[in-house]
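Here is how the chains run, residue by residue.
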Amino acid sequence: NAGVTQTPKFQVLKTGQSMTLQCAQDMNHEYMSWYRQDPGMGLRLIHYSVGAGITDQGEVPNGYNVSRSTTEDFPLRLLSAAPSQTSVYFCASSGRLNQPQHFGDGTRLSIL
Amino acid sequence: AQSVAQPEDQVNVAEGNPLTVKCTYSVSGNPYLFWYVQYPNRGLQFLLKYITGDNLVKGSYGFEAEFNKSQTSFHLKKPSALVSDSALYFCAVRVYSNSGYALNFGKGTSLLVTP
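These protein sequences, in sequence, are chains A and D. Start counting the first sequence at 1; every next residue gets the next number (our numbering). Start counting the second sequence at 1001; every next residue gets the next number (our numbering).
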């Protein structure tokens, strides 16, 4: 039972590079979301989704794109990485409204 | 916008003493509130939630939280702290739209329980 799987666990990028952070869940959950965690800032919501083809922006969506083509996967794309996007990124999923969110172990991203 | 605030960056308590981690909320409509815990280099783990009903909510690992509508608070409590409770604690409020459900988190409170 894998739960929420995030890949890669660590990544170093140069400014201007693009990359995709992967998130997959095997619990058939409808709700998925992306957060970034920065010291002293807590977790901030980037994007979220209720199912394939349906996404919405959270508090800090600029610089990030998402798409949801399947129930299982919710990738987060950085089109042109900036140092301000250095952070730890968490993906989460939930099966029903108001049920607890299950979090992945995070992706640590450094942008030089 | 739905938001929560955690006024304390750090809480220190001696093992065996009661602990309280504070959270206040600001929402339009009914509040849906959650507490999560994070251990070093890990994702967040769910502790408890308030959706409706009793103001005292019981959760995992002996934690409980008291919902107070007049004070717009949702403080996390435990009668007797353990050293293993030392971690980062987050209060959160539900964000909901036709596009999904997610959480807005507070900045977190670091709990240190000393032997």
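Calculated directly from the structure, the hints in this document are not laboratory data. Certain hints may be false.
Rough simulated footprint, nothing fancy, chain A against chain D, three-plus residues with beta-carbon under 8 Å [as the list claims (entries may be wrong)]:
| no. | segment |
| --- | --- |
| 1 | 1045-1057 |
| 2 | 1095-1101 |
Distance ranges between label pairs, derived from CB positions [unchecked claim]:
| no. | chain 1 | residue 1 | chain 2 | residue 2 | range |
| --- | --- | --- | --- | --- | --- |
| 3 | D | Ser1080 | A | Gln17 | 23 to 33 Å |
| 4 | D | Asn1030 | A | Gln17 | 37 to 47 Å |
| 5 | D | Gly1062 | A | Ile54 | 31 to 41 Å |
| 6 | D | Pro1079 | A | Asp38 | 41 to 51 Å |
Below are the EDC-like pairs computed for lysine to aspartate or glutamate, each with C-alpha atoms no more than 20 Å apart in a straight line [claimed, not checked]:
| no. | chain 1 | residue 1 | chain 2 | residue 2 |
| --- | --- | --- | --- | --- |
| 7 | D | Lys1107 | A | Glu30 |
| 8 | D | Lys1058 | D | Asp1085 |
| 9 | D | Lys1049 | D | Asp1085 |
| 10 | D | Lys1107 | A | Asp38 |
| 11 | D | Lys1107 | A | Asp73 |
| 12 | D | Lys1077 | D | Asp1054 |
| 13 | A | Lys9 | A | Glu30 |
| 14 | D | Lys1022 | D | Asp1085 |
| 15 | D | Lys1049 | D | Glu1066 |
From a predicted model like this one, the values you see are computed outputs, not experimental measurements. Yeah, the Cβ is synthetic: ideal placement off N, Cα and C, and Gly gets one too.
Satisfaction of hint between D/Glu1066 and D/Lys1049, Cα-Cα up to 20 Å: With a Cα-Cα distance of about 10 Å, the restraint between D/Lys1049 and D/Glu1066 holds, given a limit of 20 Å.
Hint check for A/Ile54 and D/Gly1062 - Cβ pair distance inside 31 to 41 Å: holds (38 Å)
Proposed proximity, A/Asp73 with D/Lys1107 (alpha carbon, max 20 Å): Cα-Cα ~28 Å, so violated.
20 Å limit on alpha-carbon distance, applied to hinted pair D/Lys1049 and D/Asp1085: holds (18 Å)
Cβ distance range 41 to 51 Å for D/Pro1079 and A/Asp38, holds or violated: Cβ of D/Pro1079 to Cβ of A/Asp38: about 33 Å, so the range 41 to 51 Å is violated.
Within 8 Å of chain A's CB atoms, at least three CB atoms from the segment 1045-1057 of chain D: coverage verdict: Result for this restraint: holds, n = 4.
Hint consistency between D/Lys1077 and D/Asp1054 [alpha-carbon to alpha-carbon, up to 20 Å]: Holds. D/Lys1077 to D/Asp1054 sits at ~15 Å (cutoff 20 Å).
Pair hint D/Lys1107 and A/Asp38, alpha-carbon separation not exceeding 20 Å: Judged against 20 Å, a Cα distance of about 9 Å means the pair holds.
Outcome for the supplied range 37 to 47 Å, where the beta carbon pair is D/Asn1030 and A/Gln17: holds (44 Å)
Hint consistency between A/Lys9 and A/Glu30 [alpha-carbon to alpha-carbon, up to 20 Å]: violated (24 Å)
Distance restraint hint 23 to 33 Å, applied to the beta-carbon atoms of D/Ser1080 and A/Gln17: At 50 Å between Cβs, range violated.
Stated coverage of the segment 1095-1101 of chain D by chain A [criterion: 3+ residues, CB within 8 Å]: Holds, because 7 residues of the segment 1095-1101 of chain D bring their Cβ atoms closer than 8 Å to Cβ atoms of chain A.
When each numbered hint is compared with the structure, violations occur for hints 3, 6, 7, 11, 13.
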